[in-house]
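Peer 1: Got chain G; can you put chain A on it based on the hints?
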Amino acid sequence: MATYSWKSRTRNYEGEKEKLKLESEETTNHPLKPLVVSEVKKIGRDGSKKEKEKSKPATPLDPLSSALDGSDPLSMFAAAAAAAKPSSGGLDPLSGNMGTDDIDSGSVDKGEVEESLEPWASRKANILAIYTTSEKLSITTSFLSPADREKVVVKSQVAQSTVTDKVKNRLEQLDDFEEGSVKEMLNLSQQEYVMRIEELNSALVSAWEHDQKVKALKIAIQCSKLLVDTSVIQFYPSKFVLVTDILDTFGRLVFDRIRQKSSYIPPGSKKPQVLPENFTPDQVPESAKETCRNWFFKIASIRELIPRLYVEAAILKCYSFLTTGEYSQALNRLTNQMRGIGDPLVAVYGRAYLSRVGMAVAPQVKSHHINNLYDFINSFSQLDSDTVQNILAMQRLDMPSYLNLYSPALDWILQCIAFKAAENTLTEILGKCKKNCNNALLLNSIMSAFKPEFVSRRAIEFLELIKECEEAGFPKHNLYRSLGTNLILAAPPEQHRRNILNEVWKAVMKFQTPAEYISCAEVWVEYPCKHFSKKEVNTILNDIIKHMTPDRAFENHYQELQSVVSKILSQMHDFSVLFSMDKFLPFIDMFQKDSVKVEVCKQIMESFCRHQTEPTHDPVIVNAAIFICKTMHDSIDALTLEDERRVIGNLISGFVRKISFGRDFEQQLSFCVEARGSFSNIDAVLITLVQCVNQLAAETRTLMKGNHSRKTAAFIRACAAYSFITIPSISGIFERLKLYLVSGQVAMLNQALSQADAFFKAAISLIPDVPSMITIDNKTRSSEPFLMSFLNQFLATLLVVPDNPEQGVLYLLRGLLNVLQDYVWDSNTDAKARIYISVLAVFSAMSQEVYPYHIYKVDSNDSLYGSDQKFIAEITTTTETLIKQILDYCKGLPQNDGGHKRQAALALEFFHTIVVHGDIKDESMAKLALNLWNLTQKNGYGDTKQMTSILNYVKKHGKGFGGKPYADLAGKMHLQSRT
Amino acid sequence: MATLDIRLKRVNKTYHEGEVLAGVVIVQSKTDVQHQGITLTIDGSVNLQLSSKSVGLFEAFYNSVKPIQLLTGVLQVAKPGKFLPGKTEIPFEFPLKAKGSRKLFETYHGVFVNIQYTVRADMKRSLLAKDMTKTVEFIIEYTNKGAKAETKPVPFTITPESLQNVKEVGNKTNQKAALPKFKVRGKLDSSSCCITKPLTGHVIIDECAVPIKSVEIQLVRVETCGCAEGYARDATEIQNIQIGEGDVCRGITIPVHMVFPRLFTCPTVATTNFKVDFEINIVVVMKDDYLISENFPISLCRN
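Residue numbers (this note's numbering), protein chains in the order written: chain G, 1 to 979; chain A, 980 to 1282.
Chain G with its partners taken away, still in its complex shape (with noise of 0.2 Å):
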């Protein structure tokens, strides 16, 4: 084959650029802020709180975010969504709607209750959770025997063909269960009692679906007869949610067993209409009425007090069958009767049922829930009598934990209350509670329920009833917790903030225990917080260290002494001020596990990425942060996982970002310096590092506009000899690649050339060692994609590279073609032969009489040779050799349907370089070009579109000015047709 040499069209790339130019318009509007939503809807809770989330202004590692300044449709959006909330902070905004609704309104939407009411489902589970116990249960029931079932089912079996039949066997029925079939199962574990529990629930959907209506009656009335039993009393509560579950389904059935049987026929149709959604009792037929009060009846007639209570709370909602306005009433004299309950515990859980059931079925009715709260606190005594005692006594319960108990119906009834409820009634309670029974455990359920705003109005008020509230075994930590969620939420009177906070830190100091302490201050720091300066914060900060120091106690409350530093740093954001009080640090001193330590710092680190917009170079943060960010640091080792050690290093590298001396450069080189001491294990801050003083050294030339003082100029290389010892020690050999390479270009723009090229050199010497595979994100990936563009990138900044005149000539690009030339390439990829087309891209260019573009104050090679003979027989040479390669790549190319499918795609790609940059008026070229057309059309593998496209460019550049070789070689090109 001859060889081919390769001629370079010459060409003028300003006029070129010109030509391009596309028409260019001037505008006023930046394109992207008509997407910008200005008005914001509120999706809902969780929404919000994502919405919250987002709007942390510009998070740290992205700095792209800022480059739609202050027009960030998200940030936008977070803006009006916080700009909706009401003042009051965290909460959510319906609860802010509740204050400005009107409170006499009789209808409440259903909805509306479900939404600004914690439902009971999700107390539930709470409940359920706290509530167990490792005692022995029993269960008393006649229910769950085989045995029993079993018979039960054959009696069903029997043909009930007449009424008698069916009463006869309704009575036999009843006569089962009472005669002695009920059993009393002992020594059930928790577990056990649940799973009988359940079965007795699954029973009595059974019996109903069996049409054994009566059965299922007294499953419930079994069950609620469960509730009188206090034997387990820890379990009491637990056993509450499971029983009234049973119950739940046992209204439900009843309900809408007699809404189907209240189908009726409107007139003028045949078909019968289930009733409406909010039906009058007008439209329910009469013999539906007659099954309604026939279940009253039945329930009037239960003997038990606690049963007969439970079981017509479980069907309320049927009293809609027969009259309006019924709720009210009933819900009153349930109220009432529930008085003759004699256990204080079993009356306050039935309370918070009709309270329950109450709010399900009328939530418009409000008076029984006051009712119930007045009767509870009018028997409060019985919580002192002796039987009370004497069961406390016989299962060993002290009276705090005892006392607990009470907790989940109370808050329960106390919600209901404040449910849409005016501030006197606060007021009201708070008043009958200072006159009867002034306790603990009361005071703390009304501090939870109502609105944060009544309760901080009135903190004076409650400071007071706490000191006097007699313990009576209810631990009054808990009491000054309740009070601090509350006023954090919302704001007390300005005139009596620093006395509620003298009067509670005298109280809250004087805790014995260190569980008792924390759990206080760690609610309380977020008040001093938000309303006073960094001296209070760090007075109580020096408290708690006091408080946790003896014995060791930090170790035991790590989770709360966490939840104080994070409360600490969601109030105050300016880090100065943190950092400057003199406890800070000694507290997070106290973090000595290793773990929470880290997680603590990481939580600041955070805080700090996020809440530092502006950069800064306060020592006293700097000092801070560099300790806090060692401590991450330090942390890392060989075992820890990837993603903590992104986390870390994300972190680090934001803060490093945000630190600036201005123009203070060499104060700035200098901190880069320490940062890489105390950083160097972390690939990610390593790079930002040496970005940052890439940074610096662009920012340099900025200012001296391009012309270096020697001051400067020195600096500028210090800069380079920082990034160019700093890059090795990064382990990612992409990275690694990429810095030199920019820092190279660095180097350049800033005119020093030694160092630019020792970055090249650097970098060309790195090549060889490029693995052929990488693992991303846990893949295991061929590298080659990313060297090809890192190497294209290389070679078009090698173009406006200056030889060095101690070197040969185009010395680097030779080292880069020697290095290529000797790394091993995957056999199954084109990659070495494309590279080499690209080279001789660059190639033409280098040629040409002007360079495409140049660094400012550089020479190139084309102002240094100046198109010299010599240049341009050497790089004749060069790139005879290189067209000699490519050919023989191309040959070499196995002769299978792979092969010739490779082949003529690189042939393609080869012909498109040399009609596009080589020059075709050159007979050899046109022979070249022409053949490797041909070759792509030999086996029928060129890609026809791009063939067709590369047809149409040479046609089209035929038609131009001295386009005459063009037009004869498009001439010569025949497109195959596929067959």
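No lab work stands behind these hints: they were computed from the structure. Idealized CB from N, CA, C, for every residue including glycine.
Residues of chain G clear of chain A, computed beta-carbon distances all greater than 12 Å:
| no. | residue |
| --- | --- |
| 1 | ASN12 |
| 2 | ASN126 |
| 3 | ILE127 |
| 4 | PHE419 |
| 5 | THR513 |
| 6 | GLU536 |
| 7 | MET572 |
| 8 | ALA762 |
| 9 | LEU810 |
| 10 | ARG902 |
| 11 | THR913 |
Cut-off 20 Å, straight-line C-alpha distance, at most; resulting in silico cross-link-like pairs (SDA-like, lysine to any residue):
| no. | chain 1 | residue 1 | chain 2 | residue 2 |
| --- | --- | --- | --- | --- |
| 12 | G | LYS298 | A | LEU1242 |
| 13 | G | LYS261 | A | LYS988 |
| 14 | G | LYS289 | A | ILE1118 |
| 15 | A | LYS1078 | A | SER1024 |
| 16 | A | LYS1266 | G | VAL388 |
Just so you have them, the derived chain G footprint on chain A, three or more residues with Cβ under 8 Å:
| no. | region |
| --- | --- |
| 17 | 1184–1195 |
| 18 | 1219–1231 |
| 19 | 1236–1242 |
Peer 2: Chain A alone, transformed into the frame defined by chain G:
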């Protein structure tokens, strides 16, 4: 297989004197039904039974008092013939009017006194097939125009001193002194009650030295049957409703609320032959099974 059924027009089967009992007799069959006619018998009567306690076993067994007929009537609703396959409905009507000078008492199911109204359908059939019968009970209630219940509040206080009938507990020395100290106050809102409205009132346990187990309301019927040998009076419990469970709080007002059960109660009746009265017992059961009970006769009516 043919079935015979009676369906009354009113679902709740409740009628008043002077009204018309209306309904249909339903014959349902897949094949033809040959029959010798269907008759409908309406019957209302007071059944009296003497308690063995008051008159002795022998008399009780033999001297059962003759039932008092209040209402009788026979209707022929279908002449002998044949029903076609399917469902045949034969409507009927019957005016409810008491026999002679009597009046239709309210339906009442008691122990010794039973006031019951039934309608029975009999289908006579040829020799080979069995006769068919169906009985349905219907309920008679007074119209609302009867005697109005007046509100007569009954306050009460029970203390050891107020007790009349202290049964033997331990040794026979001063029984009352041995009793634990207690004071139970309360009020029944009225001793004359409307049967459709619940009995209401309240009980307050002012003090009680021993723990209380239960507070209950007992509804008692007092049935009196007159006969040749005099009369027998028997009190039996209808229902017992608990209003206080466990050691109830002292000084708190516990409401009394009891719904009068249907069928087992009726407005108070007094005739020459029999009498049905009702009483309320308020019972406080204390630990150690002390039981205090206070009795209140009440009169029931419907208005």
